[in-house]
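Chains as they are written, first to last, in my numbering: chain X, 1 to 354; chain B, 1 to 446; chain Y, 1 to 349.
Mixed in with the good hints there might be a few duds.
From the derived model, a few chain X residues whose C-beta atoms are all more than 12 Å from chain Y [what the hints assert, rightly or not]:
1. LEU61
2. THR71
3. SER92
4. PHE144
These stretches of chain Y come out as covered by chain B in the derived footprint (C-beta under 8 Å, 3 or more residues) [claimed, not checked]:
5. 123-137
6. 254-265
Calculated from the structure, these hints are not laboratory results.
The beta carbon of each residue, even a glycine, is placed where N, CA and C say it ideally should be.
Here are the chains, one letter per residue:
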Amino acid sequence: MAQARGLRILIATVRVPFVEGGAERHAEGLRRELLGAGHRAEIVSVPFKWYPPRRILDQMLACRLLDVTATGDTPVDCLIALKFPAYLVHHSNKVVWLLHQHRQAYDLWQHPMGDLHDHPHGAEVREAIHQADVELLPQARRLFANSRNVADRLQTYCGIQAAPLYHPPPESDKFYSGAAEEFLYFPSRLNALKRQRLVIEALAHTRAKVRVRFSGTNIDPGYYEGCVALARRYKVHSRVEWLGAISEEAKRDLYARSLGVVFPTLDEDYGYVTLEAMLAHKPVIACADSGGPLEFVVNRETGLVCEPTLQSLAAGMDELWEDRAAARRWGEAGRQRYSDLHIDWGTVLEKLLS
Amino acid sequence: MLKINWFSPLPPAHSGIAHNYAMQILPVLAKRHETILWTDQDYVAPEVESIARVAHYEPANPPWRALNDADISIYHLGNHGGIHGGIWQASRQHPGIVVLHDLCLHDFFAMVFLRTLEQPAAYLAALERWYGEEGRRAGEAFRIGGIGAETMAQQFPLTREAARGALGIVTHSHRMLEELDETPACPVAALDHPFAPAGDLRYQGWMAARRATPGPPYRLVVFGYLSRNRRLDAILEALAGVPEREQFRLEICGQLWDESHIRNEIERLRLGPLVNLHGFLPEDQVEAQLSTAHLALNLRFPSMGEASGSQLQFFDYGLPTLVTRTGWYASLSEDTTAFVRPEHEAEDIRAHLRDFLTDPGAFGAMGERGRQSLRRHDPEKYVDAIVRFASAALDFSPRIPALDLAGRIGNDFTQWLPPDAGAYLLERASQEIVTMCARKARDRDS
Amino acid sequence: MKALIVTCGVPFIRGGAEILAEGLRDAICAAGHQAEIVTLPFQSCPPSRIPEQMLACRLLDVTETCSVRIDRVIGLKFPAYLVPHPHKVIWLLHQHRTAYELWDHPAAGDLIHYPDGPVIREAIRRADRAFIPEASAIYTLSRNVSERLQRYCGISAEPLYNPPANAPLFHKGPSGDYFFFPSRINPVKRQWLAIQALALCREPVHVRFAGEADNEAQQAECGKAVRELRLGDRVEWLGVVSEEEKRDLYANCLGVVFPPVDEDYGYVTLEAMLSSKPVITCLDSGGPLEFVMDNHTGLIAGAAPQSLAGAMDALWADRRRAATMGEAGRERYLDLKIGWENVVDKLLC
Numbered sequence: 001m002a003q004a005r006g007l008r009i010l011i012a013t014v015r016v017p018f019v020e021g022g023a024e025r026h027a028e029g030l031r032r033e034l035l036g037a038g039h040r041a042e043i044v045s046v047p048f049k050w051y052p053p054r055r056i057l058d059q060m061l062a063c064r065l066l067d068v069t070a071t072g073d074t075p076v077d078c079l080i081a082l083k084f085p086a087y088l089v090h091h092s093n094k095v096v097w098l099l100h101q102h103r104q105a106y107d108l109w110q111h112p113m114g115d116l117h118d119h120p121h122g123a124e125v126r127e128a129i130h131q132a133d134v135e136l137l138p139q140a141r142r143l144f145a146n147s148r149n150v151a152d153r154l155q156t157y158c159g160i161q162a163a164p165l166y167h168p169p170p171e172s173d174k175f176y177s178g179a180a181e182e183f184l185y186f187p188s189r190l191n192a193l194k195r196q197r198l199v200i201e202a203l204a205h206t207r208a209k210v211r212v213r214f215s216g217t218n219i220d221p222g223y224y225e226g227c228v229a230l231a232r233r234y235k236v237h238s239r240v241e242w243l244g245a246i247s248e249e250a251k252r253d254l255y256a257r258s259l260g261v262v263f264p265t266l267d268e269d270y271g272y273v274t275l276e277a278m279l280a281h282k283p284v285i286a287c288a289d290s291g292g293p294l295e296f297v298v299n300r301e302t303g304l305v306c307e308p309t310l311q312s313l314a315a316g317m318d319e320l321w322e323d324r325a326a327a328r329r330w331g332e333a334g335r336q337r338y339s340d341l342h343i344d345w346g347t348v349l350e351k352l353l354s
Numbered sequence: 001m002l003k004i005n006w007f008s009p010l011p012p013a014h015s016g017i018a019h020n021y022a023m024q025i026l027p028v029l030a031k032r033h034e035t036i037l038w039t040d041q042d043y044v045a046p047e048v049e050s051i052a053r054v055a056h057y058e059p060a061n062p063p064w065r066a067l068n069d070a071d072i073s074i075y076h077l078g079n080h081g082g083i084h085g086g087i088w089q090a091s092r093q094h095p096g097i098v099v100l101h102d103l104c105l106h107d108f109f110a111m112v113f114l115r116t117l118e119q120p121a122a123y124l125a126a127l128e129r130w131y132g133e134e135g136r137r138a139g140e141a142f143r144i145g146g147i148g149a150e151t152m153a154q155q156f157p158l159t160r161e162a163a164r165g166a167l168g169i170v171t172h173s174h175r176m177l178e179e180l181d182e183t184p185a186c187p188v189a190a191l192d193h194p195f196a197p198a199g200d201l202r203y204q205g206w207m208a209a210r211r212a213t214p215g216p217p218y219r220l221v222v223f224g225y226l227s228r229n230r231r232l233d234a235i236l237e238a239l240a241g242v243p244e245r246e247q248f249r250l251e252i253c254g255q256l257w258d259e260s261h262i263r264n265e266i267e268r269l270r271l272g273p274l275v276n277l278h279g280f281l282p283e284d285q286v287e288a289q290l291s292t293a294h295l296a297l298n299l300r301f302p303s304m305g306e307a308s309g310s311q312l313q314f315f316d317y318g319l320p321t322l323v324t325r326t327g328w329y330a331s332l333s334e335d336t337t338a339f340v341r342p343e344h345e346a347e348d349i350r351a352h353l354r355d356f357l358t359d360p361g362a363f364g365a366m367g368e369r370g371r372q373s374l375r376r377h378d379p380e381k382y383v384d385a386i387v388r389f390a391s392a393a394l395d396f397s398p399r400i401p402a403l404d405l406a407g408r409i410g411n412d413f414t415q416w417l418p419p420d421a422g423a424y425l426l427e428r429a430s431q432e433i434v435t436m437c438a439r440k441a442r443d444r445d446s
Numbered sequence: 001m002k003a004l005i006v007t008c009g010v011p012f013i014r015g016g017a018e019i020l021a022e023g024l025r026d027a028i029c030a031a032g033h034q035a036e037i038v039t040l041p042f043q044s045c046p047p048s049r050i051p052e053q054m055l056a057c058r059l060l061d062v063t064e065t066c067s068v069r070i071d072r073v074i075g076l077k078f079p080a081y082l083v084p085h086p087h088k089v090i091w092l093l094h095q096h097r098t099a100y101e102l103w104d105h106p107a108a109g110d111l112i113h114y115p116d117g118p119v120i121r122e123a124i125r126r127a128d129r130a131f132i133p134e135a136s137a138i139y140t141l142s143r144n145v146s147e148r149l150q151r152y153c154g155i156s157a158e159p160l161y162n163p164p165a166n167a168p169l170f171h172k173g174p175s176g177d178y179f180f181f182p183s184r185i186n187p188v189k190r191q192w193l194a195i196q197a198l199a200l201c202r203e204p205v206h207v208r209f210a211g212e213a214d215n216e217a218q219q220a221e222c223g224k225a226v227r228e229l230r231l232g233d234r235v236e237w238l239g240v241v242s243e244e245e246k247r248d249l250y251a252n253c254l255g256v257v258f259p260p261v262d263e264d265y266g267y268v269t270l271e272a273m274l275s276s277k278p279v280i281t282c283l284d285s286g287g288p289l290e291f292v293m294d295n296h297t298g299l300i301a302g303a304a305p306q307s308l309a310g311a312m313d314a315l316w317a318d319r320r321r322a323a324t325m326g327e328a329g330r331e332r333y334l335d336l337k338i339g340w341e342n343v344v345d346k347l348l349c
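Pulled out of the complex, with its shape left as it was, chain X reads as follows (with noise of 0.2 Å):
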């Protein structure tokens, strides 16, 4: 199908002000490749604030008032929407790419880490953010996911079919491989989803003297501070690195310098971290219920599936640290599954517009 050229399309997602997260810059990454595409993208991005429940409501409203659909004369060709609640804002050409729903209201509803079943409005926002996903997301031209995993949240909660399409991280031609030293990598923003301290837990099983750096931001007040106590606690805090917020060469330069990635994230969306991981040609530790790095990570061949255990981690991380070769393959293998998955900008506009 020929693609159409010079289209004026807008990206409408949210941003937490401050707060600058991995969607901020897969909007940005993708106005980039519109841009380079000889079309003209701009983005349009909603403050969210999530809390108490019921603004939820005020701001899903808002984004149904807000008008997209030409500016001036000019009307809009496109919208692509990828996060809640922005994927409201009407358009008669609106793709959805959806990043995530707002899973407070699905799959974290009575999970611990949640936060919406804690307050007395809880129920009723939960119900109204089905409801306007169920009604509204078929309202889509297209409907995609992030992954795999964001798809299949949304077949089980909302009987709505997405076709997963995978982009690449940003920057992703800048990623190199190095010799590896001693030491695992683990870049994540700090909150108990990443799940850093199953990391340093399971630190103290090893049987060798597993290295770890973190790097990120932390999100969750005091969670950082918690890490900091629970690895002293278990007295592996000689073993472990908090490189906090760095820029992304140093980044870069900390994956190719690694022996591997460990991310046993919970129930990631998508992760970045595999696939910067891969483009390091680097092993890639993960865990059975960690979601999106599951449809990138093969065990035994381009990193490690464990279990959510202490032991099945410490086990894994215990693997790759004594088994250099092994380690070496696998971030080679991975680096080649990457290139077979044909993760492009090409393909995603390509399916974006069509």
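Given the structure of chain X, go ahead and fit chains B and Y onto it with the hints provided.
For chains B and Y alone, coordinates are given in the frame of chain X:
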């Protein structure tokens, strides 16, 4: 001084609003305010142009730029779809003051939706909007001839449909909208229907003519388009039951809806010598009849609620009148009118006729008091009142986009918002909308 | 301090407001705080959609981010400044002008062409009067904007001037043989007035226009006027120029002609002053009048071709006077102490 867009039928349109109402009001209005007369008629009588500038518009696409130069628009609606259809279309898009000359507007909307615009869905939607499922079903039945127009008019007046999106409504009947259960959601003003009485000199001439023919026989007059609701049957029956009926003559002036039926009745009741059927009379003959009449019979049942120009004309002539105690007529004073109860028509008419014979002077005095009461109907007062009302209504104009917005939000909600969360969000949105459009800024919450 | 700058934009159109917001953000960060810009899309036609977007702004919550307080919200434009916040400061670039002073402007008026224009206009005015006073402090872009706010809404607000982008990079060069008129090409900037004035000049005045037209029709109209008045060799259309080119054009001109109608502010005036060049403007030009001093830093002509021609002739014929005025202009700019520090201080205090 305001700049006013005026939308009404204008001479030579076949409408009392054009000839009587507009031509009485416009000279006064144009003297005080810059008035532009907007019309979709092909032709407007030259004398209108001498009162104010006439501008033409296409109902499908009025010149908004020019219309927006004015401070306010005033639209006149009546029950005739051909005459008022274009005016209503403009009023729907460009909020202004709507003057309702008729209150029962089903005929109007049926013609405009079904014939002029060919939008049966809109017709049914209007009925459903105000009368629910019952209204919709009645409309469907009407379309296939299952229900008559008169029934539809009485049960589904659709007055509120005409008020939709208006800045304000003017009627000439006090409290009639409440009685019809058609109170709209906008400001309403009930003004006395304007009427410029004939000069005193002319009136003295009429009185002289009446005194010159004091009777008996006493002349009873009935005027106008005489359909069933003008109660001719009851009048004839009543007259036949008056022992002294020889002292009366009944002059029936106007087109009869069923002439043969009336002639049969006259014959059956043996009233032949007492009744004259004149048919439709030209203006000069009307004057001759009214100036020499002694009592006017202006009965209506059922009434559509609106004010009666003919009643005011009877007052002008100092004629005492019998009216049915219903609708606008019920608001008239016992000082100036004699009432007939709808359920006891013949009986009450007979009683009044016999009272008349006992004391014709008392009725004559009532007629003179009727003439005095026309002061309330002074066109200058009317123009002042309507302009004052329009200015006040302008203050509430943001109400219109606010209601529109609330409606659109409500509609959107039906797609995605469950009732529990809906209650909260409706309240939240409503509060913001009210503050946005309220007249005074709300106090800041501490 | 965390400050959120909230403004509106029309996607794909970048103008002065965007540049100002970025300048403000950078200045706030330079002062050691954190600042981000939130730009909400705003579609003003048809007017019936405006109340919805006003409501959308009212429904947003920017009080906190992940349990961290957002200390200040700075609202710049309608309807973005309707966003609620306990410490909101409005730095009013302009209200929705076509609901106010541009209501019946022959070229710029837009609401007036719609049947519901009047009721929407009243709704906008009502909302402004209800919500602008919510702010802890209200500043404006210029005295012109303050006066409009006072006149239409009875709200008083202090003007807070800001420097043009890259102010330190403007420089002075020798006086060349042209007047410079940099601006978007549209009826409000009134390039047509300069063209008609040019036809009446006695001196061989030459004008260089830089900037792109709002739409093709605008450009065509200007071209047609030039052709009809046979001014082809006295006029140059440079189109969009780079920032550096623009500064050079300022530096080497004889003076700047800038006769817009009721301009909110007018960076052009300040850029000319920074470049030590005199400014010719008009009595009804608005913003520029807050800076140009007649016969001292420039000339204020009547808003008619003859008067404007007279002013252009005067400077063309007396280069020394032009140069002196230019110097005075630069001095005035410095006297006014227009800088971001002052802006940030006021907005964040």
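A quick look at each hint next to the structure:
no.: 1; hint: LEU61; verdict: violated (6 Å)
no.: 2; hint: THR71; verdict: violated (5 Å)
no.: 3; hint: SER92; verdict: holds (14 Å)
no.: 4; hint: PHE144; verdict: holds (22 Å)
no.: 5; hint: 123-137; verdict: holds (count 8)
no.: 6; hint: 254-265; verdict: violated (count 0)
Of the numbered hints given earlier, the model fails hints 1, 2, 6; all others are met.
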